[in-house]
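Enquirer: One-letter residues, chain by chain:
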Amino acid sequence: MTRAEIEAKLIGIVRKEKDVPDDKLTPETTLVDAGIDSLDSLTILFGIEEEFGISIPDDRAKTIKTFGDMIDVVEALLPAAS
Amino acid sequence: MTRVAITGIGIVSCFGGGKAVTLDALRNARSGIKRIESIDASALNCKIGGEVPRDAHEGLHRGNDRFTRFALIAADEAAEQANYANIGLGDDRVGSLIGTGLGGCETLDAGYKRVYGENLPRVAPATIAWSMYNAATSAVATKYRARGVAYAVVSACASSAHAIGLAYQAIKSGQADAVFAGGADAPLTFGIIRAWESMRVLAVDNEHPEAACRPFSADRKGLVLAEGAAVLFLESFDHATSRNQPILGEIAGFGATSDAGHVTDPSADGAARAMRMAINDAGVQPNDVGYINAHGTATRANDATETAAIKSVFGDRVPPVSSTKSMHGHSMGASGAIEIASSLLALNEGFLPPTINLDTPDPECDLDYVPHRPREAAASLFLSNSFGFGGMNAVIAVRTLLPQR
Numbered sequence: 001m002t003r004a005e006i007e008a009k010l011i012g013i014v015r016k017e018k019d020v021p022d023d024k025l026t027p028e029t030t031l032v033d034a035g036i037d038s039l040d041s042l043t044i045l046f047g048i049e050e051e052f053g054i055s056i057p058d059d060r061a062k063t064i065k066t067f068g069d070m071i072d073v074v075e076a077l078l079p080a081a082s
Numbered sequence: 001m002t003r004v005a006i007t008g009i010g011i012v013s014c015f016g017g018g019k020a021v022t023l024d025a026l027r028n029a030r031s032g033i034k035r036i037e038s039i040d041a042s043a044l045n046c047k048i049g050g051e052v053p054r055d056a057h058e059g060l061h062r063g064n065d066r067f068t069r070f071a072l073i074a075a076d077e078a079a080e081q082a083n084y085a086n087i088g089l090g091d092d093r094v095g096s097l098i099g100t101g102l103g104g105c106e107t108l109d110a111g112y113k114r115v116y117g118e119n120l121p122r123v124a125p126a127t128i129a130w131s132m133y134n135a136a137t138s139a140v141a142t143k144y145r146a147r148g149v150a151y152a153v154v155s156a157c158a159s160s161a162h163a164i165g166l167a168y169q170a171i172k173s174g175q176a177d178a179v180f181a182g183g184a185d186a187p188l189t190f191g192i193i194r195a196w197e198s199m200r201v202l203a204v205d206n207e208h209p210e211a212a213c214r215p216f217s218a219d220r221k222g223l224v225l226a227e228g229a230a231v232l233f234l235e236s237f238d239h240a241t242s243r244n245q246p247i248l249g250e251i252a253g254f255g256a257t258s259d260a261g262h263v264t265d266p267s268a269d270g271a272a273r274a275m276r277m278a279i280n281d282a283g284v285q286p287n288d289v290g291y292i293n294a295h296g297t298a299t300r301a302n303d304a305t306e307t308a309a310i311k312s313v314f315g316d317r318v319p320p321v322s323s324t325k326s327m328h329g330h331s332m333g334a335s336g337a338i339e340i341a342s343s344l345l346a347l348n349e350g351f352l353p354p355t356i357n358l359d360t361p362d363p364e365c366d367l368d369y370v371p372h373r374p375r376e377a378a379a380s381l382f383l384s385n386s387f388g389f390g391g392m393n394a395v396i397a398v399r400t401l402l403p404q405r
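If you read the protein sequences in the order shown, they are chains F and B. First residue of the first sequence: 1, per the working numbering; consecutive thereafter. First residue of the second sequence: 1, per the working numbering; consecutive thereafter.
Chain F extracted, bound-state conformation (with noise of 0.2 Å):
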């Protein structure tokens, strides 16, 4: 899976859960910044976990600041294969 088909799943998800305008949703954007509050951010996670299949720790989810963060975490989490 691409970085770009990653991130437009990603922003599918973000939506569900949150009204976001399309300037606020870009890899450089601060979750803050956007209007994602803490317990939004952590439904959002759940989410990708459920669309992607993958299980993403307590530690590695504590880092996550951006929108490009949360790209960079699928990323690495996703099997090689695909």
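Since the hints were made in silico from the structure, they are not lab data. Hints are supplied without guarantee of correctness; some may be wrong.
Claimed, not checked - Using 30 Å as the maximum straight-line C-alpha spacing, the simulated DSSO-like pairs for lysine-lysine come out as follows:
| id | chain 1 | residue 1 | chain 2 | residue 2 |
| --- | --- | --- | --- | --- |
| 1 | F | K62 | F | K18 |
| 2 | B | K113 | F | K16 |
| 3 | F | K24 | B | K143 |
| 4 | B | K143 | F | K16 |
Said to hold, decoys possible - Far from chain F, by Cβ distances over 10 Å, these chain B residues were calculated:
| id | residue |
| --- | --- |
| 5 | E37 |
| 6 | F190 |
| 7 | T264 |
| 8 | D288 |
| 9 | D316 |
| 10 | N348 |
| 11 | S380 |
| 12 | L402 |
We treat Cβ as the ideally placed atom computed from N, Cα and C, and that holds for glycine.
Assemble the complex: chain F is given as a structure, and chain B must be docked to it using the hints.
Expert: Frame of chain F; chain B shown alone:
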């Protein structure tokens, strides 16, 4: 002595959302009990319930459990009627007391299904925050920035009556000047219906849902589970008057007792003491009560026991009694608030809401239950009875808009 005015009413039930559809159903003696559609009920024995119609809640207040969404819908209606935008109070003088019997059933049901049914390692991260019993009262407090007294009130099927009673006491005592008070429940989940089926107290008439709930009738078969919420906006009379806010009624008295008896078998004594306490608290006599909205669940045990309790309080001058649960079912912790709201709406329009499906007289239930059809009547004060499992009894005395005797 501070008097407590009702200046806003919000209600959502199987009749639909709002006061107008509620009044229309009560006036036309129309049941809201139908086949359950929000979950797959095909494997259940009981496939009927008092379900809130989809168009009354879909898309509203998402990001909460169903019971909290109902509470917010009812609070919105009450706040709008009470002109809350211009309340003119410090936000620490406004409270939120929302009762619930079962809390976030939808959230828990979905979580348990994943954990035990599908062996999945994680549940929705908001499971704790959405399922807690105070989720609804907290959401109402947050939306309306009510920063005063706030907590959830839990006493099974008496929860919202206790919440309204406690809100009345909070205003009377000076703890708050205004309170969002009521209750919400959404128990129509697969697991909860299964649990009620196991108690063998559900009226299962899947072919005739509207005829299933038959309070005080000799052929009654049990209760019909329902969901919904009602919220009253209560404020001190002085404050309502000072801002020229129309007053819809008054919480006049509150009685609360415990049976200290059997967990599920009700006691006439506990119910009667709660009624007497509410009447005394209102500073009136039994003769002043013009109508009683019964707990009237349509179980074998409740209806005969409640009838005996009413007779022991009112002697040979019992006012008309009816069970609106015959039409809207038993919405657990929300039922007291739904019934107080329904009764006040009907009486302010000059009629008593009926007990439908009362087809066969029961020698143990021999009062005037306003059978089948509503009745034109003028009642200036009514009681609303709510009795919960665990022997928790709450009775609220309410003054209507009609001239006092």
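Enquirer: Each hint should be assessed against the structure and marked as holding or not.
Expert: Verification of the hints:
no.: 1; hint: K62/F to K18/F; verdict: holds (20 Å)
no.: 2; hint: K113/B to K16/F; verdict: holds (21 Å)
no.: 3; hint: K24/F to K143/B; verdict: holds (25 Å)
no.: 4; hint: K143/B to K16/F; verdict: holds (22 Å)
no.: 5; hint: E37; verdict: holds (23 Å)
no.: 6; hint: F190; verdict: holds (21 Å)
no.: 7; hint: T264; verdict: holds (37 Å)
no.: 8; hint: D288; verdict: holds (50 Å)
no.: 9; hint: D316; verdict: holds (59 Å)
no.: 10; hint: N348; verdict: holds (40 Å)
no.: 11; hint: S380; verdict: holds (48 Å)
no.: 12; hint: L402; verdict: holds (47 Å)
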